[in-house]
Amino acid sequence: MSESVLVFIALNAILAYSFYAVLVAGQLSLGQAGFAALGGFTAAALAPAPSEVGDLPALLVAVVIGMVVGALAAVVLGLPTMHLRGVFLAIATLGFAEAVRILLINAEWTGGANGMSVTKVVTPVIAWVCLALVAYWFWRQGPSSYGRALAAIREDELAARAMGIDVGRHRLSAFVTAGAVAGLYGVLWAYYVRLLAPEDFDFARAIDGLVMAVVGGSTVWLGPLLGGAFMTSVPEVLRSIGVEAGWIRPFISSALLLVVIIFLPGGLGSLLPRVGARAPADLAEGGEGLAPRSGRALPSPGETVVRVSGGNKDYGGVHAVRDVDLTIASGEVVGLIGPNGAGKTTLVNMISGLVPPSSGTFEVLGTTPGRTAVHKVAQAGVSRTFQHSKLFPRLSALENVLVGAHVVSRPTFLRRLLWLPGARRDESQVVVHAARCLERAGLGDRSREDAGSLSYGDQRRLEIARALAAEPSLLILDEPAAGMNHVEADALSRLIGSLAAEGLTILLIEHNVGMVMRTCDRIVVLNFGEVIAAGTPEEIVNDPAVVEAYLGGDDATPPGTETEEVR
Amino acid sequence: MQQLLNGLFLGSIYALFAIGFTLVFGILDRLNLAHPAVFAAAAFVGIELVAVGGLSIWVALPLVAVFGAFLGLVIERVAFRPLRGRPDAHFAGLIGSIGLGGMFIALLLWRYGPDTRRFPVEAFPSTAFDLGPARVTLLQVAILVISVLLMAGLTWLVARSRLGRAMRAVAENPRAATVLGLNVDRVTATTFALSSALGAVAGALFALNVNSAQLGMGTAIELKGLAVIIVGGMGSLPGALVGGLILGLAEVFAVQYVGSSWRDLVAFGLLFLLLVVRPQGLFGSRRVREV
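Quick note, the sequences are listed as chains S and Z, same order.
Position 60 of the first sequence, counting from 1, maps to 60 under UniProt numbering, and the rest follow consecutively.
Position 59 of the second sequence, counting from 1, maps to 59 under UniProt numbering, and the rest follow consecutively.
Honestly, I wouldn't trust all of these hints.
[What the hints assert, rightly or not] Listed below are several chain S residues computed to face chain Z (Cβ distance under 8 Å; list not exhaustive): (1) LEU28; (2) PHE88; (3) ILE91; (4) ILE105; (5) TRP109; (6) PHE203; (7) ILE207; (8) GLY246; (9) PRO250; (10) PRO265.
Hints were generated in silico from the structure; no laboratory data involved.
Bear in mind that the values here come from a model prediction, so they are computed numbers and not experimental data.
Just so it is clear, CB atoms sit at the ideal spot from N, CA and C, and this is done for glycine as well.
Taking the hints into account, I'd like the entire structure generated from these sequences.
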């Protein structure tokens, strides 16, 4: 292999890493060519000439300038565009990159379309050292709490928010990482090709980077390296076996791209054995129950946890929730029942901050959901499950629960970079904690399976384990027993009972009325968005309004313990 | 006045190209990056039909549309259908269509070589009219009329016809559409065929308009097509029309008043501004996310 091929493999892999940096968080950005151009040109213009200070010092200064400029550009672009998703973000960032290119072509200091001549300093060794550092960064990032949070955002942004992850900040930091890595690419490119031209950083280059990242595998840290090596060496291999220039080479490259994407869904990286977090074999240490990790004490019994007064939610002309007053004291287990469409889920969505109320005051654990960001409400001690499972499907069961523990675990990424022993200790503590939560939910033997491949009932239980991992003060369960049989529902009842015994406050939405009657201290009945009854299970069973709402008749039987609603 | 008209003609081609892009995006939620390759391929095939086959341009254009539709079917079958149902279907389709588009371009290189091709001079009568101070060629009028007719036809098709109803049902919820007995595969394939047929006609008209066809012509218009569908609103057909015209006018006036080297900056500046202020575009509607 010639020197230039070696260097280009390293450079392309670094470019691919700048795409990987945002793809792991589920963002598609095509602005990297712009960051690279800004970084490369600024560094080439500002850094001292290699003839004056020596090759390596000049390159080091240039790399620092380039990465800082790339990161700054990412902040400037990221702040106004972080609310965009998917293709919109891709096209906005692409527009930015094109604008940068045209600015550079028209600027004086860049030499315009003719470009800028730069001394060639980069050698294969330098290029590969830089690549190794970048790859090391992402290797250490992956299994850290920061890396898991990014993966959670990729899999399900809303659920990530509800687990207490500050999605905006994480997305922006992923974006800035991409900017810095792209800046590094721009500088290395400048100091290798001798003549730096704005055309080097066009749309086609951005597409190349994206293709290499995806072909290599956008969820495996070695992926970009594999993708870069593959896409760079295919034309070289074709040349060496005697395929002439012309149409055959681009044809085969494109066809290989298609084949990889169709037959290797996870990219080349999926051929590597997967190493995920592993549950410890021995959970015995520390005894039963959930030893608090957060240091956050539960609110003292009887203290008000939730206060809703005059809560309203309108969707157009539909009043989903009307003038609801609800107070929940610490340690209570409150059931929320009512026919379909009664507004139960809307109410808990407002309590957990996911949906802003149309009017009314909400106070939950000292926060005001609707005005307080969702992740802040979660950090205050609210944790929930969703009516339709919102797990992180491509993460293992254990990893799902680890994400749930986000608010009670310490950040480990920077310490992992430096191999500080504290990081490993913290990580293994969180893993033990998560494994216990899985165990409690009855999923101890499922820890390594992907959440998306679990059975329906197991997915419901995994949601509960994930919510428990956050050590909540208020646990909201939205139809946890849906789709479970009697045996499973009974086990769930016992779990809720034991959690209540530990002092957790629980708000339970459930259609299995029998289960609600057995588990709850107090029941609130909603119908057409209004509270039609509230009281102890006995009072509710005998309330005529409830009977009316459930069965619609005059002389019907009350919602007895065996009446499960047909849905 | 002259500039206004020029912008209009250019814009109608952009719109015709973009409307194919946006049709697939609006209905299937996929960005088909092989679309630019169809655009280029159609220009070359159109030139061959007229120059070598000796056909009239009025026979060649429908044939080009059929050719485009065929490519659309191939794209759907090869680059999109195998990827359905994957968690990252969005990225995967994007990459798959880039690969297939690259193969198309490579095949063009094999058949036609790397040189620029042109329609023969006599392919289209060079009649021109004077409209007050401005001068309009018959070709430009034809381009405008064909583009507007095709777009109006497509809008009618999607809004009124049985096929259009099926397309909108698939857009809303593919699974429910299947349950209701719609052949989702066939509707999807038809959507791709229609989209590519429009892209192909746009390619042939573009080659007529600038009187040249190059292998890279698709890449050049790809960015503009993306800009147009964003400005108009993703998936909105009238949006693509208006967006195309706005972009055409903006470019022509930018060249006039700011200089040609800044032309593309105007387009992307507008695009960027609009995305930040109104991401759903001028005509798009924002989808409410469900919890």
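Each hint, compared with the structure:
1. Here the hint on S/LEU28 is kept, as its CB sits about 7 Å from the closest CB of chain Z, short of 8 Å.
2. Interface hint status for S/PHE88: upheld, as the beta-carbon distance to the closest one in chain Z is roughly 5 Å, under 8 Å.
3. Taken as an interface hint, S/ILE91 checks out: its beta carbon lies about 5 Å from the nearest beta carbon of chain Z, inside 8 Å.
4. Among the interface hints, the one on S/ILE105 holds; its C-beta lies about 7 Å from the nearest C-beta in chain Z, closer than the 8 Å criterion.
5. Given the 8 Å rule on beta carbons, the hint for S/TRP109 is violated: about 16 Å separates it from the nearest Cβ of chain Z.
6. Given hint, S/PHE203 at the interface with chain Z, holds; its Cβ is 6 Å from that chain's nearest Cβ, closer than 8 Å.
7. Taking 8 Å as the C-beta contact cut-off toward chain Z, the hint placing S/ILE207 at the interface holds, the least distance being around 6 Å.
8. The closest approach between the C-beta of S/GLY246 and any C-beta of chain Z is roughly 7 Å, which is under the 8 Å cut-off, so the hint is satisfied.
9. The closest approach between the C-beta of S/PRO250 and any C-beta of chain Z is roughly 4 Å, which is under the 8 Å cut-off, so the hint is satisfied.
10. Taking 8 Å as the C-beta cut-off, the interface hint given for S/PRO265 holds, the closest approach to chain Z being about 6 Å.
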